[in-house]
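Student: Residue-level listing of the chains:
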Amino acid sequence: MSSKKALEAIDFQKYVDNEKENQFFYKIGLIGPSRVGKSSMLASLLEEAKTVFAQSLVSIEPFVDEDGISLTKDRIKNTINNIVSGLDYSTFDPGYGIGTADPFIFDLVIKISAEEKQKNKSAQLRLAILDYPGGWLKEPQNADQKIWKKCEQWIKDSSVIIVPIDSNLIMEADNKEKTKASRELLQVLEVEKLVRDWAKGRWLKQESGLLLFLPVKCETYFDDNGGIYNKSQELYQRMHQFYGDVIEAAQQEMSEKNEDNQETTQDSFLKRMVTKTSSYTIEYHPVDTIGCIELANANWEEKNGKLSLDCQYLVRNPSNYIPKRKPLGNIGVLNSICKHMVENRRNSGMFRKFWDKLSGNDKLLTDAINRLSQQKPGSRFKEIAKGNIAKRG
Amino acid sequence: MLNLSIRTRGWKTDYCFLLEENPRVPNFNTYKTDIERPTCILECTEKNEGYLFLSGIPSQRKDHQGTTLRYDLVATFNLDPLEDDSWDNNSPKKQYLMGLTNVILLWLNDVRFALKESLEDDKSFEDTRLPVATNSKLGKLIDDILSQQYIDQVLQLTNNRNWTQDNKNKLDNQLKEILQKSLEVGLPKVNLPEQQIDLPEQELDLPTWWGGVNNDESCNKWLKLVENLILGKTKGKALLLNIATPSSLGRLSVKKDENLGVLLAKEWSRSQPEPIKLKTSQKTKLLPFTQNLPNNVIKTEEEVKKKGLLQEVAQKVIQKGKKDINEFKGFFRRSD
Numbered sequence: 001m002s003s004k005k006a007l008e009a010i011d012f013q014k015y016v017d018n019e020k021e022n023q024f025f026y027k028i029g030l031i032g033p034s035r036v037g038k039s040s041m042l043a044s045l046l047e048e049a050k051t052v053f054a055q056s057l058v059s060i061e062p063f064v065d066e067d068g069i070s071l072t073k074d075r076i077k078n079t080i081n082n083i084v085s086g087l088d089y090s091t092f093d094p095g096y097g098i099g100t101a102d103p104f105i106f107d108l109v110i111k112i113s114a115e116e117k118q119k120n121k122s123a124q125l126r127l128a129i130l131d132y133p134g135g136w137l138k139e140p141q142n143a144d145q146k147i148w149k150k151c152e153q154w155i156k157d158s159s160v161i162i163v164p165i166d167s168n169l170i171m172e173a174d175n176k177e178k179t180k181a182s183r184e185l186l187q188v189l190e191v192e193k194l195v196r197d198w199a200k201g202r203w204l205k206q207e208s209g210l211l212l213f214l215p216v217k218c219e220t221y222f223d224d225n226g227g228i229y230n231k232s233q234e235l236y237q238r239m240h241q242f243y244g245d246v247i248e249a250a251q252q253e254m255s256e257k258n259e260d261n262q263e264t265t266q267d268s269f270l271k272r273m274v275t276k277t278s279s280y281t282i283e284y285h286p287v288d289t290i291g292c293i294e295l296a297n298a299n300w301e302e303k304n305g306k307l308s309l310d311c312q313y314l315v316r317n318p319s320n321y322i323p324k325r326k327p328l329g330n331i332g333v334l335n336s337i338c339k340h341m342v343e344n345r346r347n348s349g350m351f352r353k354f355w356d357k358l359s360g361n362d363k364l365l366t367d368a369i370n371r372l373s374q375q376k377p378g379s380r381f382k383e384i385a386k387g388n389i390a391k392r393g
Numbered sequence: 001m002l003n004l005s006i007r008t009r010g011w012k013t014d015y016c017f018l019l020e021e022n023p024r025v026p027n028f029n030t031y032k033t034d035i036e037r038p039t040c041i042l043e044c045t046e047k048n049e050g051y052l053f054l055s056g057i058p059s060q061r062k063d064h065q066g067t068t069l070r071y072d073l074v075a076t077f078n079l080d081p082l083e084d085d086s087w088d089n090n091s092p093k094k095q096y097l098m099g100l101t102n103v104i105l106l107w108l109n110d111v112r113f114a115l116k117e118s119l120e121d122d123k124s125f126e127d128t129r130l131p132v133a134t135n136s137k138l139g140k141l142i143d144d145i146l147s148q149q150y151i152d153q154v155l156q157l158t159n160n161r162n163w164t165q166d167n168k169n170k171l172d173n174q175l176k177e178i179l180q181k182s183l184e185v186g187l188p189k190v191n192l193p194e195q196q197i198d199l200p201e202q203e204l205d206l207p208t209w210w211g212g213v214n215n216d217e218s219c220n221k222w223l224k225l226v227e228n229l230i231l232g233k234t235k236g237k238a239l240l241l242n243i244a245t246p247s248s249l250g251r252l253s254v255k256k257d258e259n260l261g262v263l264l265a266k267e268w269s270r271s272q273p274e275p276i277k278l279k280t281s282q283k284t285k286l287l288p289f290t291q292n293l294p295n296n297v298i299k300t301e302e303e304v305k306k307k308g309l310l311q312e313v314a315q316k317v318i319q320k321g322k323k324d325i326n327e328f329k330g331f332f333r334r335s336d
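The listed protein sequences derive, respectively, from chains A and B.
Numbered according to this note's numbering, the first sequence spans residues 1 to 393.
Numbered according to this note's numbering, the second sequence spans residues 1 to 336.
It is possible that some hints are incorrect.
[Said to hold, decoys possible] In silico lysine-lysine, DSSO-like type, Cα no more than 30 Å apart, as pairs: (1) A:K386 x A:K200; (2) B:K176 x B:K94; (3) A:K73 x A:K324; (4) B:K12 x A:K138; (5) A:K180 x B:K94; (6) B:K277 x A:K73; (7) A:K156 x A:K382; (8) A:K14 x B:K224; (9) B:K62 x B:K170; (10) B:K255 x A:K324; (11) B:K140 x A:K146; (12) A:K50 x A:K303.
No wet-lab data here; the hints were simulated from the structure.
Please model the complete structure; the sequences and the hints are all you need to start from.
Tutor: This is how it looks when you write it as structure tokens:
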């Protein structure tokens with residue numbers, strides 16, 4: 001019998017970089033409250049990737065272990081099943097999700113197709129995305145402290161941080177009271193603390209960082225994916241109102257003082273390539289998680305003196321058939337992550353070594369990542385801030 | 001001694017164990033299962049310690065977003081290796097342990113009902129991960145004893161870390177009431193056959209086996225193992241894993257004289273009991289061989305293996321004709 005420990009659903013030890021075994025994990029942290037839609041967002045990323053990568057050699061898939069088992073694949077499949085269960089021909093019931101009670105690592109692989117592998121040396125790049133119960137943000141005392149510390153460490157070690165945001169909560173808060181409730185539900189203060197810790201970690205390590213704000217469930221606020229209204233500008237403004245302090249906290253910890261923020265992206269890139277300076281980027285990627293639904297009613301309900309938002313959704317163009325899901329906006333996230341890898345491959349010691357090996361072993365894959373990094377972001381994307389990480393001392 | 005812990009979520013409060021830190025359990029993360037779906041991990045050790053983790057018990061309660069909530073139950077208990085005759089059936093301990101067995105039985109029935117329903121929905125086995133039951137008898141039993149209002153109160157106390165011993169005692173009593181009441185709940189007749197199936201002697205003695213969760217023979221064999229484990233009649237593990245495959249079970253570590261019975265889902269749901277082919281992983285962590293070894297001579301491969309050496313090493317040893325086991329210090333043995 002192994003020694004007793006806290007109930008630990010995942011083995012963090014499996015996700016330690018190992019240079020000898022040429023094993024590298026590009027760590028990504030999710031910082032979002034409970035029930036915001038983190039798992040659904042990742043499921044929609046994989047679904048959209050299938051469409052985008054059709055007729056190409058590159059794919060992004062759940063990692064499959066030596067026994068042919070993929071916990072990630074199963075979790076994603078369950079999430080999609082839950083979404084499908086909630087969709088009937090005319091309405092969508094989001095209550096089929098099951099919520100996260102334990103940390104989970106979504107283990108994804110970017111690789112070249114099997115046929116090409118036979119012709120070429122192959123390698124794979126693992127993206128490891130840590131999800132954990134959103135409630136731990138607000139009540140970390142409810143987590144086992146050893147496990148929570150591992151999660152915090154993961155977040156600090158992550159090159160990329162994703163902050164999922166329930167867009168309904170920021171758009172449907174039309175007075176002071178509801179805004180306050182939304183901020184509490186989104187746990188903005190707790191998000192700010194973790195983002196600040198992460199940014200400080202980037203500065204301490206002098207390693208580049210990418211911070212992505214991802215409003216999810218954005219179907220109702222854009223007209224480029226079947227929607228009627230375009231409230232995209234309002235969504236962006238409200239995101240700034242809610243998360244302005246979080247953005248500022250990240251910049252305070254990472255940004256060079258008196259920096260000329262007006263330099264062009266190309267100038268900044270060239271400068272970094274020459275000086276090997278680490279950089280930070282803060283971006284905005286609104287996402288349609290499901291794509292075929294529309295917010296019909298958003299009712300604020302009070303229980304035990306606290307407000308919560310009850311949303312009812314309708315399916316667009318209802319028919320007798322199963323509604324066709326059409327997620328949008330996720331590929332921009334993937335492009336940004338690839339761009340971050342390519343731009344900063346010279347700055348991070350471990351990643352640099354890995355990238356050099358990857359380039360030697362699998363040119364097709366590095367070329368594919370390069371191409372992904374160069375794709376133009378969609379019209380929804382906005383760059384919030386970009387700059388060099390301040391030098392220590 | 002029997003300690004029960006329960007994890008659930010409230011109207012707004014996220015999942016956590018009620019009125020305690022996370023309970024201490026053995027290392028469960030080696031099992032291939034998604035513990036957010038129905039999972040059963042029952043381990044009983046040679047030290048007479050028992051652990052049960054039962055997840056995916058659906059509640060009728062919902063959170064503020066209308067999402068159905070669930071319970072996870074953890075039990076830790078000491079086992080007395082007593083013969084049946086010396087047990088007083090009316091003793092609280094026996095009642096609780098029988099209750100624990102029945103809780104697992106109820107839960108397995110819920111899981112099988114849900115599986116049956118989803119199969120009637122024309123879903124293929126490949127698509128059928130163990131679904132969460134919509135009409136869970138065990139879930140209803142827990143809901144009846146732990147009301148929504150009570151759970152929200154207790155979650156508040158848990159969050160604030162300001163519960164008293166009285167709060168804790170009340171919760172303990174209610175959790176034990178679940179065990180007692182489980183003995184009164186009638187089991188549905190649809191799934192598990194009421195009669196025991198007489199399995200051939202050889203199969204009954206199979207120490208490590210797996211079977212399908214939707215196969216009556218496998219389930220009966222598994223439930224018998226559960227009962228024997230909880231009542232201290234045998235040592236080992238009874239597992240229900242929702243992602244594992246027969247092949248992956250070969251990597252589970254099983255000690256000598258331990259029993260292991262695993263129920264699997266998906267395309268193996270209908271399988272009868274089959275032996276688990278245990279294998280030595282290429283990646284098994286190896287530790288320096290530092291144990292004191294008797295200064296005797298090895299004559300056969302079997303003898304080397306008995307000393308705890310890896311099979312591969314044993315073969316090499318025999319091939320090289322090395323006879324004195326002391327020469328093998330510096331070789332390796334399995335970490336488990």
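Student: Hint by hint, which ones does this structure get wrong, listed from lowest number up?
Tutor: 5, 8, 10, 11, 12
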